[in-house]
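Note that the protein sequences, when read in sequence, are chains A and B. Start counting the first sequence at 15; every next residue gets the next number (my numbering). Start counting the second sequence at 15; every next residue gets the next number (my numbering).
Everything labelled a hint here was simulated from the structure, so no lab data went into it. There may be inaccurate statements among the hints.
For chains that are exact copies, the list does not tell them apart, and a pair is met inside one copy or across any two.
Calculated pairs, EDC-like style, for lysine to aspartate or glutamate (alpha carbon to alpha carbon, straight line, at most 20 Å) [stated by the list, open to error]: (1) LYS220 - ASP199; (2) LYS220 - GLU121; (3) LYS221 - GLU96; (4) LYS140 - GLU176; (5) LYS217 - GLU149; (6) LYS217 - GLU132; (7) LYS126 - ASP193.
The residues making up each chain are set out below.
There are 2 protein chains.
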Amino acid sequence: MEQKQISLNVIARLPKYYRYLQECHESGANKVSSSNISSALGITASQVRQDLSNFGGFGQQGYGYDVQFLLEKLRNILGLNETHKAIIVGGGRIGQALSSYSGFIKENVIIKAVFDVELSHVSAPKDIEILHVAEMPEYVKRENIDIAIISTQKEFALSVAETLKNAGIKAIWNFAPIDINLGDDVAVENINMSESLFRLSYKMKKK
Amino acid sequence: MEQKQISLNVIARLPKYYRYLQECHESGANKVSSSNISSALGITASQVRQDLSNFGGFGQQGYGYDVQFLLEKLRNILGLNETHKAIIVGGGRIGQALSSYSGFIKENVIIKAVFDVELSHVSAPKDIEILHVAEMPEYVKRENIDIAIISTQKEFALSVAETLKNAGIKAIWNFAPIDINLGDDVAVENINMSESLFRLSYKMKKK
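Isolated chain A (complex conformation) (with noise of 0.2 Å):
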């Protein structure tokens, strides 16, 4: 299905629309002004209407825009209406608190296991499997795992990322400290939280 073409810019925003948007729906709200997502993302009322409007969101004068049909257009802009599945590799506190964390379920990614070198010392919901990270690339292919989720040390992450290409995996979020980048065969999203930890630390001496 091919989209009306948007701008790297406009996509950039699409996810903090979508989540005010599930906010909003949460709430019980059925509609949303401009303004109003305006001051809850710092962006102009003006910008908000260009960006949705290229979607075919038009707010009506004095009512807004219908959160249900901007909900379900990001749905399928974002890739949100498919399941994916996951495998984390890295079985430490992080690759822990991340096989537990229930913001997934709702994003429609569901972990299928974890892997680790040291089986011992990881623990997992119980209908997530705990396996050696030699059964890994086996896996990947068998279960056709989609997303794989990096928490392993830094020194270990390139390695292990490769690994996962040459798998065919389609997709890595990555939470070691150094930045992965597998070319066009493969999409990356870097959690960078020791640069979120560096800008945190520049904008206090600013003040």
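Since chain A is already given, all that's left is putting chain B on it; use the hints.
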């Protein structure tokens, strides 16, 4: 100490430079070229040279930049040469994972206590106190806490942030799945895990 005014676009890249230079340093490199930095970070080499010249980093032709010199400059600008006392609010799995996240020490953040409403559910390394949230405002003032790491459920995050602001906190590092904004008084960094997952889903869909 007044720095030469540096644009916000440059500031946004400084944490990336810092993290990459740390890696160079850890691997024993004394010099690094702008083209190495460029390919590691996906920034053009001319942009790298322009950025680094802002704070007195001038590479030598065929020789490169002095890693130690740039690290020291960046530590100063980012405020990483100061030590900060921090607390964690919300002792669930994410909070507990953060309390034992080894990366903190290096970034000069010392976790002093974890606050929750259900103390019996919380464990933490033995040099970190576990306390009830009712004691939090008093503790923040008495112990001169700079940074609060919020890892509560979404519905408590905003009121916890307000309480911390009133207690005089300087910075909030937020892991709850809702954006916190406290105006100009408090430095805030939001780690938006769900937005990152939405972006990953979008990139996967585009493959």
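Against the structure, the hints come out as follows:
1. In this assembly of identical chains, the alpha carbons of LYS220 and ASP199 lie at most 20 Å apart only when taken from different copies (11 Å versus 40 Å within one copy).
2. Only between protomers do LYS220 and GLU121 lie at most 20 Å apart by alpha-carbon distance; the minimum there is 18 Å, versus 36 Å within a single protomer.
3. Taking identical chains as interchangeable, the C-alpha atoms of LYS221 and GLU96 lie at most 20 Å apart only when they sit on different chains, with a minimum of 14 Å there against 44 Å within one chain.
4. In this assembly of identical chains, the alpha carbons of LYS140 and GLU176 never lie at most 20 Å apart, being 29 Å within a copy and 37 Å across copies at closest.
5. Taking CA atoms no more than 20 Å apart as the test, LYS217 paired with GLU149 passes in neither setting, with 44 Å inside one copy and 27 Å between copies.
6. Taking identical chains as interchangeable, the C-alpha atoms of LYS217 and GLU132 are never at most 20 Å apart, the minima being 39 Å within one chain and 32 Å between chains.
7. For the identical chains of this complex, LYS126 and ASP193 are neighbours neither inside a copy (25 Å) nor across copies (29 Å), given an alpha-carbon limit of 20 Å.
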